[in-house]
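Trainee: Going line by line, the protein sequences match chains A and B. Heads up, the first sequence is in numbering that gives the first Met the number 0, so the first residue is 0 and it goes up one at a time. Heads up, the second sequence is in numbering that gives the first Met the number 0, so the first residue is 0 and it goes up one at a time.
Mixed in with the good hints, there may be bad ones.
Capping the alpha-carbon separation at 30 Å, the derived lysine-lysine pairs in BS3-like fashion look like this [stated by the list, open to error]:
no.	chain 1	residue 1	chain 2	residue 2
1	B	Lys-97	A	Lys-426
2	A	Lys-126	A	Lys-68
3	B	Lys-98	A	Lys-433
4	A	Lys-142	A	Lys-334
5	A	Lys-60	A	Lys-125
6	A	Lys-142	A	Lys-125
Hints are computed from structural coordinates only; laboratory data are not their basis.
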Amino acid sequence: MITARGHRRRNLSIVAAVGVGVIALTGCAGGGGGGSSTKEFTYLGQTQNTAISGTLDVLAKDKCAAAEKAAPLKADAIDGTTWDQQLQLLAGQDALSDMSMAGGTPSLMQEFIDSGKVLNLSETFKKEGLEGRVLPAAESTIKALYGGGDLYALPTEFNIEGFWYNKQILADNGIEAPATWDELVDAAATLQANDVQPFIAAGKDGWPITRLVGDYIARDLGPDALKKVADGDASLTDPEYVAAADAVAELGTAGYFGAAAGSIDYNTALNQFLTGGGAFFYMGSWALAAFNDQEQNKIGVDNIGFTPFPTVEGGKGTIDQVPANVGIPVMFTEKGYDDDVAQWLDCVTANYGDVALNEFGQVTGFVVNNPPADQPALTQEVQNIIAEAPSSVLWFEAAFSPEATAVSQKNGGGLAAGTLTGEAFMKLVQDANK
Amino acid sequence: MERLLGNPRAVLVLLGPALLVYSLVMLVPIVWSLVYTVYEGNAVSGFEFVGIDNFVRFFNDPTALEAVGFTLRYALILTVLQVVVGYALALLYVFFLKKASSLVRTLVFFPVILPTVAVALLFRRFFEAAPTEGPINSIMEFIGLNTFDWFGQPDASFWVILMMDLWRSMGFYAVLLYAGVVEIPEDIIESARIDGAAGWRLVRHIILPLSLPVLLSATIFSINGTLKVFDSVVALTNGGPGTSTTPLTVYMFQTSFSFGQYGYGSTVALMLTVMCLLVTIFIFRASRRDLTRNEK
Numbered sequence: 000m001i002t003a004r005g006h007r008r009r010n011l012s013i014v015a016a017v018g019v020g021v022i023a024l025t026g027c028a029g030g031g032g033g034g035s036s037t038k039e040f041t042y043l044g045q046t047q048n049t050a051i052s053g054t055l056d057v058l059a060k061d062k063c064a065a066a067e068k069a070a071p072l073k074a075d076a077i078d079g080t081t082w083d084q085q086l087q088l089l090a091g092q093d094a095l096s097d098m099s100m101a102g103g104t105p106s107l108m109q110e111f112i113d114s115g116k117v118l119n120l121s122e123t124f125k126k127e128g129l130e131g132r133v134l135p136a137a138e139s140t141i142k143a144l145y146g147g148g149d150l151y152a153l154p155t156e157f158n159i160e161g162f163w164y165n166k167q168i169l170a171d172n173g174i175e176a177p178a179t180w181d182e183l184v185d186a187a188a189t190l191q192a193n194d195v196q197p198f199i200a201a202g203k204d205g206w207p208i209t210r211l212v213g214d215y216i217a218r219d220l221g222p223d224a225l226k227k228v229a230d231g232d233a234s235l236t237d238p239e240y241v242a243a244a245d246a247v248a249e250l251g252t253a254g255y256f257g258a259a260a261g262s263i264d265y266n267t268a269l270n271q272f273l274t275g276g277g278a279f280f281y282m283g284s285w286a287l288a289a290f291n292d293q294e295q296n297k298i299g300v301d302n303i304g305f306t307p308f309p310t311v312e313g314g315k316g317t318i319d320q321v322p323a324n325v326g327i328p329v330m331f332t333e334k335g336y337d338d339d340v341a342q343w344l345d346c347v348t349a350n351y352g353d354v355a356l357n358e359f360g361q362v363t364g365f366v367v368n369n370p371p372a373d374q375p376a377l378t379q380e381v382q383n384i385i386a387e388a389p390s391s392v393l394w395f396e397a398a399f400s401p402e403a404t405a406v407s408q409k410n411g412g413g414l415a416a417g418t419l420t421g422e423a424f425m426k427l428v429q430d431a432n433k
Numbered sequence: 000m001e002r003l004l005g006n007p008r009a010v011l012v013l014l015g016p017a018l019l020v021y022s023l024v025m026l027v028p029i030v031w032s033l034v035y036t037v038y039e040g041n042a043v044s045g046f047e048f049v050g051i052d053n054f055v056r057f058f059n060d061p062t063a064l065e066a067v068g069f070t071l072r073y074a075l076i077l078t079v080l081q082v083v084v085g086y087a088l089a090l091l092y093v094f095f096l097k098k099a100s101s102l103v104r105t106l107v108f109f110p111v112i113l114p115t116v117a118v119a120l121l122f123r124r125f126f127e128a129a130p131t132e133g134p135i136n137s138i139m140e141f142i143g144l145n146t147f148d149w150f151g152q153p154d155a156s157f158w159v160i161l162m163m164d165l166w167r168s169m170g171f172y173a174v175l176l177y178a179g180v181v182e183i184p185e186d187i188i189e190s191a192r193i194d195g196a197a198g199w200r201l202v203r204h205i206i207l208p209l210s211l212p213v214l215l216s217a218t219i220f221s222i223n224g225t226l227k228v229f230d231s232v233v234a235l236t237n238g239g240p241g242t243s244t245t246p247l248t249v250y251m252f253q254t255s256f257s258f259g260q261y262g263y264g265s266t267v268a269l270m271l272t273v274m275c276l277l278v279t280i281f282i283f284r285a286s287r288r289d290l291t292r293n294e295k
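Just chain A, same shape as in the assembly (with noise of 0.2 Å):
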């Protein structure tokens, strides 16, 4: 008797104890195996980047209809703030969508690569038959980016960068758009002294900082010369490449980037430009679409001009070499691609461009077959350049560790305010680049 309630009390122990780890496990694993499957089309991007869920929303309801019935789009968003971290762990977790924003970092999409995770798309578009659907020029910005010489991610933005200008301050003070450094510098020690804050910059957010120093190197190094920084041939500390932060940083010492600079979000600037509150705006063209909004835009389309990053005398690098990124591509995971995800790529790639262009004003690195019918001349103007440019440079973060991406966007801010030198700023960002 004694013997069966022993057994008894002992199996409901073992029970109790199987049934509480049960419980804590189920909860450990619950969000796991969410990733792909077959019933459903499944995307992920950024809350902050609405044109593409949009333009695919758009293209279920109409060109994608047959691929929306194979498998119907299941698009979601999270946070951009912490993309790369919330990325790498869908990774680990083998839980990443059919298709989603890339890493914003090259070296994390490197990761993605060399593990196996994202999907080879110039060896899917040659088995698929569906090469020539994404523009050369986008096509090599993306490939130069991953490294490697095949395309894993798809150009849903394709940009170009430079110094957009007030057309109206910049003739009121006699200033014509720079072609040089130089030229740049002296336009804004006369723009400083007649009272008008020569540049406007998101110091706070740092890149659009960084952009200057690395434009700065590509055209007095040379278009190549990042890539001997990331390859460990050359040294952010040599003397040649601290002359171009030390040229930023003068700038920013000079008080050209205005009182706080290091405080000013993308927001603000892109509002301050807008209100006339400064000449000079280095920006990409996705700042087009603000641009061309006559709710933000108070000195009118017409008034803005864009002038290519301008050459450093006796420099190797071009002015046509334009400064140009695709944002942040997508890309689609091996995993998850089946047949019904094939159907889905094929109709992407072929519409994608036509309705991103159409419906969102979005340039992307998509052939476009069917444009608008009456664009701003601006937008005109910047897709002329694109077309017509021989090449393209990378930023100057590009090919760096996310480590050294961080510390420069922490740091960009300070050559603004004039807190940090040149030499600084590079062997910080040096000492962050293993």
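Add chain B to chain A, keeping to what the hints say.
Mentor: Only chain B this time, still in chain A's reference frame:
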């Protein structure tokens, strides 16, 4: 009851589930993190055994050492401020405001219950230089000073963080120390007063020695909290300008999750734990020595 608790199986059934959950959510990740300190890599690229490389790197990493410097500076200064201001407030409640202190206590305690992010946004606006001038800069301009970019200068950012965290936490320490001071028997204070002790002498020779235990607790509480500061810094300056206000906790988070270096991030975490342990042991030992000296 005694028979029940004397039965190892009953103890296992009662403690087991809680222990299991605790082990799963606390101990396993801690041990896991300890193992990571000798590895390099992340969940995507895989892990590689590197021995003590992460530790060598930590001691040669200028950013990590800068973060250690910031963490110690911040923890020491804020602990002193929290305990001193908290103690001064406690004395004010007990000896000056007395029964009327409840309203002031509530008002000073109020920031403790506010979310850190809300307080940080408030202080950001207060000290803002651009795009709109905050009240502090407006006042400076009004009295003829130049406006100042508080979050663009490392030292200024540091003091703004300190000021915010002091405002946010002093009410808590005031209440903690108030509970200790109010417990001092009235007759001891009364007899000291009859013996002629008043004002500073009363505090120095009677109140302070008798409230040493609670002061010690408050100090340990404060130093451990401040060494692990994370949310207020992230919300106010996000470690900037540059990395000048980056504490070890934020650096640990960045290395692990932004840079994908789980091994090095775990090493930073371990160093932070060791630092907390050393500081706590140091305070314990120092205070024990003090107490024995007082007894003699």
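Trainee: Compare the structure with each hint and give your call.
Mentor: Against the structure, the hints come out as follows:
{"no.": "1", "hint": "B/Lys-97 <-> A/Lys-426", "verdict": "58 Å, violated"}
{"no.": "2", "hint": "A/Lys-126 <-> A/Lys-68", "verdict": "23 Å, holds"}
{"no.": "3", "hint": "B/Lys-98 <-> A/Lys-433", "verdict": "62 Å, violated"}
{"no.": "4", "hint": "A/Lys-142 <-> A/Lys-334", "verdict": "22 Å, holds"}
{"no.": "5", "hint": "A/Lys-60 <-> A/Lys-125", "verdict": "28 Å, holds"}
{"no.": "6", "hint": "A/Lys-142 <-> A/Lys-125", "verdict": "16 Å, holds"}
In this structure, the hints that do not hold are numbers 1 and 3, in rising order.
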